[in-house]
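S.K.: In order, the protein sequences belong to chains A and B.
Residue 436 is where the first sequence starts when you use this note's numbering, and the numbers rise one by one after that.
Residue 42 is where the second sequence starts when you use this note's numbering, and the numbers rise one by one after that.
These are calculated hints, taken from the structure and not from any lab test.
Fair warning: this is a prediction, and the values are worked out from it, not measured in the lab.
Do not rely on the hints blindly, as some may be mistaken.
Partial chain A-side listing against chain B, Cβ under 7 Å, derived [to be verified]: (1) A559; (2) A560; (3) D561; (4) C617; (5) G621; (6) E646; (7) I647; (8) P649; (9) L651; (10) W657; (11) A662; (12) I664; (13) A668; (14) G773.
For every residue, glycine included, the Cβ atom is placed at its ideal position computed from N, Cα and C.
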Amino acid sequence: MNTSRYSRQELFPPIGAAGQAKLKDARVLVVGAGALGTSSAEMLVRAGVGHVTMVDRDYVEWSNLQRQQLYTETDVKNKLPKAIAAQNRLMEVNSEVEITGIVLDVNGTNVEELVQNHHLILDAADNFETRLIVNDAAVQYGIPFVFGACVASYGMTFPMIPGKTPCLHCLINHLPSQNQTCDTVGVISPIVQLVTAYQVTSALKILTGNEITPSLQSFDIWKNEQAEINVSALKNKDCPTCGSNPTYPFLAYENQTKAAVLCGRNTVQIRPGLEREISLQQLAQRLKELGSEVVLNPYLVSCTFEDFRLVFFKDGRALIHGTSDTGQARAIYNRIIG
Amino acid sequence: MTIQLNGLQVELPESVRNVEDLLKHYQLEGRIVIIELNHEIADKSKYTELSIADGDKVEMIHFVGGG
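Isolated chain A (complex conformation) (with noise of 0.2 Å):
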């Protein structure tokens, strides 16, 4: 009996000793490292990919450990980034393999360097507009991009593939003006590890050279319910990102969200590039919800928010007070608005 490391995996046909060796010279960048992130990059290192880069803004906490499987208690009194906690445990997960953490805020500047040399990204981001950024550099290096995620028990998948499929443009045309996100509704782990299983499965079939199906799938854990949809006829020919003259709309800095320190307040102010015109009254409710003590009046809702106080404005606008980091404003502001 073959007992080598990738015996079980080499023994599965459609993978074989020849789509290991396309593991092992392969490079996938996962964007986050959060659950979705964790769950993924635990899985293409056992499984063998060559190099895995792992990129994240933040630092690990208490409230990430319910989920976010690389990471322990002594990172959080630690207070490591992510990346660099991932690329530890991963490391010892598999020290044959590479692993790259980064400590970055992934934007429409920094993001095309990120995304060269990689043959596949997987999505872990928290927000949209990191998809999008990301999506639109995926695009233009013709490099897959497998778009995941959930909050509470739901999840979503879609494997993107520059040229064939529609991408994460075509399926959503504009930034969605709020968002229910794992800080204002929770989520379980269960879901995690339910979207990460397809997204690999994604990323071993597309890395070893087998055929995907252009479906966007969601499922409901909890609820026991699924639905699938083959999404080629929507792929836009005028879509600005993989239409036929494309402009990368995300990553041009006009269109960027901007974080900008005031000076002396100890506030940063997040204005987002695109008009994104949020609902102060569903805001606050579930700020309230979140037990969050909550002021809202015609213009503007503001809250206390862990060790915060935030002030959201209509079209988008925010001040996060108590912190100059804009790193960790940005990381706030999407934690609530997504």
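Following the hints, put chain B in place on chain A, whose structure we already have.
M.R.: Relative to chain A, chain B alone:
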């Protein structure tokens, strides 16, 4: 009216007559949603014209941003 929604049999109130009503019923209006009605993707600009009838097969996927 009974339809098959995401693989499950669901009973809908009389007030649900078209795709737009269905979105409202599930509180998904204004969200990013892709709907397939009897194996064909529903055109977003025609949600009020696309009527829903007993026995229809609907797949409905809404986008979320978490991860």
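S.K.: Look at each hint and say if it fits the structure.
M.R.: Going down the list of hints, with the structure as the test:
The restraint placing A:A559 at the interface with chain B holds, with a minimum CB-CB distance near 5 Å, inside the 7 Å limit. Annotation: interface hint on A:A560 holds; nearest CB of chain B at approximately 6 Å, less than 7 Å. About 5 Å separates the beta-carbon of A:D561 from the nearest beta-carbon of chain B, less than 7 Å, and the hint is met. The beta carbon of A:C617 comes within 4 Å of a beta carbon in chain B, closer than 7 Å, and the hint placing it at the interface holds.
Proximity of A:G621 to chain B is violated relative to the hint, the smallest CB-CB distance being about 10 Å (cut-off 7 Å). Taking 7 Å as the C-beta cut-off, the interface hint given for A:E646 is violated, the closest approach to chain B being about 21 Å. For A:I647, the suggested interface contact is broken, since its CB lies about 17 Å from the closest CB of chain B, more than 7 Å. This hint is violated: A:P649 has a C-beta 12 Å from the nearest C-beta of chain B, more than the 7 Å allowed.
A cut of 7 Å between beta carbons decides the hint on A:L651: the least distance to chain B is about 6 Å, and the hint holds. Annotation: interface hint on A:W657 violated; nearest CB of chain B at approximately 13 Å, more than 7 Å. Annotation: interface hint on A:A662 holds; nearest CB of chain B at approximately 4 Å, less than 7 Å. Contact between A:I664 and chain B, as hinted, is supported at the beta carbon level, the nearest pair being about 5 Å apart and thus within 7 Å.
Nearest Cβ of chain B to the Cβ of A:A668: about 5 Å, under the 7 Å cut. The hint holds. For A:G773, the shortest C-beta to C-beta distance to chain B is roughly 4 Å, which falls under 7 Å, so the interface hint holds.
Going through the hint list in order, the structure does not satisfy hints 5, 6, 7, 8, 10.
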